[in-house]
Structure formats: C-alpha cells, structure tokens
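Going down the list, the sequences are from chains A and B.
Residue numbers for the first sequence follow the working numbering, so the first one is 2 and each next one is one higher.
Residue numbers for the second sequence follow the working numbering, so the first one is 583 and each next one is one higher.
Hints were generated in silico from the structure; no laboratory data involved.
Think of the CB as a built atom: it goes at the ideal place given N, C-alpha and C, for glycine as much as any other residue.
A few of these clues could be false.
Said to hold, decoys possible - Some but not every residue of chain B turned toward chain A, in silico, with C-beta under 10 Å:
# : residue
1 : Phe593
2 : Arg623
3 : Asp664
4 : Ser676
Said to hold, decoys possible - Below, a sample of chain A positions facing chain B; criterion: calculated Cβ distance under 10 Å:
#  : residue
5  : Ala3
6  : Gln7
7  : Tyr36
8  : Glu42
9  : Gly43
10 : Leu44
11 : Val48
12 : Gly86
13 : Ser88
14 : Phe92
15 : Ser96
16 : Arg101
17 : Asn102
18 : Gln104
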Amino acid sequence: NAGVMQNPRHLVRRRGQEARLRCSPMKGHSHVYWYRQLPEEGLKFMVYLQKENIIDESGMPKERFSAEFPKEGPSILRIQQVVRGDSAAYFCASSVDGGRNEQYFGPGTRLTVT
Amino acid sequence: RKEVEQDPGPFNVPEGATVAFNCTYSNSASQSFFWYRQDCRKEPKLLMSVYSSGNEDGRFTAQLNRASQYISLLIRDSKLSDSATYLCAVNSPSGSARQLTFGSGTQLTVLP
C-alpha cells in the first residue's frame with residue numbers, strides 16, 4: 002500500500018531554469034494538494050487539484066507557478082524561471098473523496114536554486 | 583492575528599513526563615482539525631484528527647474547544663521517539679474548504 006510518492010527528492014536548478022516536481026497520490030485518493038515550506042517557516046497551502054481540474058489555487062504565486070493533475074499520470078508543479086527565493090521544500094498531500102479531509106503527505110522535493 | 587497559532591516551545595521534558603500543547607485558531611467556521619508530527623527535514627505525518635467529543639489513541643489525547651477556539655494535544659508517558667515538531671492544522675472555510683492552514687509548530691524534545 003504505497004503512500005504518496007514524490008520525485009525528485011532533491012532538485013538543484015540555476016536561476017532562470019524551470020523546475021518540475023511530480024506527485025502521485027495514494028491509491029484510491031482523488032484529491033491532491035501542494036504545500037511549500039520555506040526554511041524556518043511553516044507549511045503554506047499552494048493549490049488543490051482533482052483529476053483535470055484546479056479546484057483552489059488561492060495560495061499559488063500569480064506568476065511563474067502552475068500546477069496540473071492530468072487524467073493519466075502524476076500531478077505536476079511547475080516553476081518557471083526559478084529565483085533563489087523559490088528554494089524550499091515542496092510537499093504534496095492527498096486525500097480521499099468526502100470524509101474528514103485527512104491529508105497524507107509525500108516525502109517532499111527539496112528545491113535548491115543556485 | 584495569525585489564523586492558527588502555536589507556542590513554538592521548545593518543550594524539553596524527561597522521559598515518562600506528560601506534556602500538553604495548545605493551538606488556537608481564528609476562524610470560528612473551521613470544521614476539521616488535525617495534529618501532525620514532523621521530524622527534522624521530513625514530511626508531516628498525520629498523528630490524529632480531532633473530533634468534537636475528543637479522542638484518544640494510545641498515549642495521545644486530542645481535544646477541541648469550539649467556544650474558546652483551540653485544540654489541544656496531550657502526550658502521556660513521553661518516549662524519546664516522541665521528540666519532533668508538532669503541527670496543528672485547521673481547514674480554511676473559504677474557497678474549497680479543503681485547504682489546511684498549519685501552525686508554525688511546537689518543538690518537543692524528550693530527554694533521557
């Protein structure tokens with residue numbers, strides 16, 4: 002019973018490059034969430050998706066960030082033209098439809114921008 | 583006022599001690615409440631949901647006080663392995679109502 006899977010676990014990008022982070026939810030989970038944890042700060046919600054739909058992107062920066070959850074394949078968080086301030090741990094979580102919205106987190110991708 | 587507030591600690595307690603954490607939330611319309619633990623540089627792990635009637639899981643007891651808008655976590659008979667940062671999370675009633683707002687965490691160290 003695999004948990005939430007994320008890859009890569011570590012990603013190094015130079016300023017101006019693109020970063021692509023992938024997340025596969027737990028089996029049976031149809032809701033995916035992305036959170037960001039900046040160094041020495043708390044977890045902040047970014048976006049909530051279901052298959053082929055962005056439900057809530059109120060936490061996403063307006064520029065350079067996008068997310069998708071296609072019909073087939075993992076959810077992708079894409080950051081274009083990365084800057085040093087994007088260096089953080091990006092966690093994906095998933096939950097079942099209905100229920101109490103208990104969210105289970107993946108191991109995260111640590112993005113370092115040099 | 584922050585949406586979710588926790589005492590950052592650190593709490594340093596001896597093995598076997600009982601320790602309690604509180605977490606206050608600002609939006610009275612919030613409906614779902616959780617405690618997570620996070621080890622250094624790891625992902626948050628769901629510890630327990632918090633139900634209106636309170637709930638217990640082994641050495642851990644969680645309670646919700648809607649009138650005062652806080653949730654609590656009690657850990658009895660602390661073990662060295664309980665050392666971690668404890669995060670409370672509250673659903674945000676706006677938008678999809680499924681996004682979680684996290685406190686900044688309370689750091690616990692259990693000493694031998």
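Against chain A, run the beta carbon of aspartate 664 of chain B and see if the smallest gap drops under 10 Å.
-> violated (19 Å)
Minimum beta-carbon distance criterion (10 Å), serine 96 of chain A to chain B = For serine 96 of chain A, the interface hint holds, since the closest Cβ of chain B sits about 7 Å away, which is under 10 Å.
So, arginine 623 of chain B near chain A? Judge it on the closest CB pair being under 10 Å.
-> holds (8 Å)
Supplied contact hint for phenylalanine 92 of chain A, tested at 10 Å Cβ to chain B | holds (6 Å)
Close enough to count: is the Cβ of alanine 3 of chain A nearer than 10 Å to one in chain B?
-> Because about 14 Å separates alanine 3 of chain A from the closest Cβ in chain B, which is outside the 10 Å limit, the hint is violated.
Close enough to count: is the Cβ of leucine 44 of chain A nearer than 10 Å to one in chain B?
-> holds (4 Å)
Mind checking the CB of glutamine 7 of chain A against every CB in chain B and telling me if the closest is under 10 Å?
-> holds (9 Å)
Report holds or violated for the interface hint on serine 88 of chain A, using the least CB-CB distance to chain B and a cut-off of 10 Å.
-> violated (14 Å)
Against chain B, with CB atoms and a cut of 10 Å, does the hint on glutamate 42 of chain A hold up?
-> Constraint on glutamate 42 of chain A satisfied, holds at 7 Å.
Interface hint for glycine 43 of chain A, Cβ within 10 Å of any Cβ on chain B | OK, holds: glycine 43 of chain A within 10 Å of chain B, min 4 Å.
Measuring from the C-beta of phenylalanine 593 of chain B to each C-beta in chain A, is the shortest one below 10 Å?
-> violated (18 Å)
Does asparagine 102 of chain A pass the interface check with chain B, least Cβ-Cβ distance below 10 Å?
-> Since the shortest Cβ distance to chain B is 5 Å, the answer is holds.
Figure legend: structure checked against the earlier numbered hints; hints not met, in rising order: 1, 3, 5, 12 and 13.
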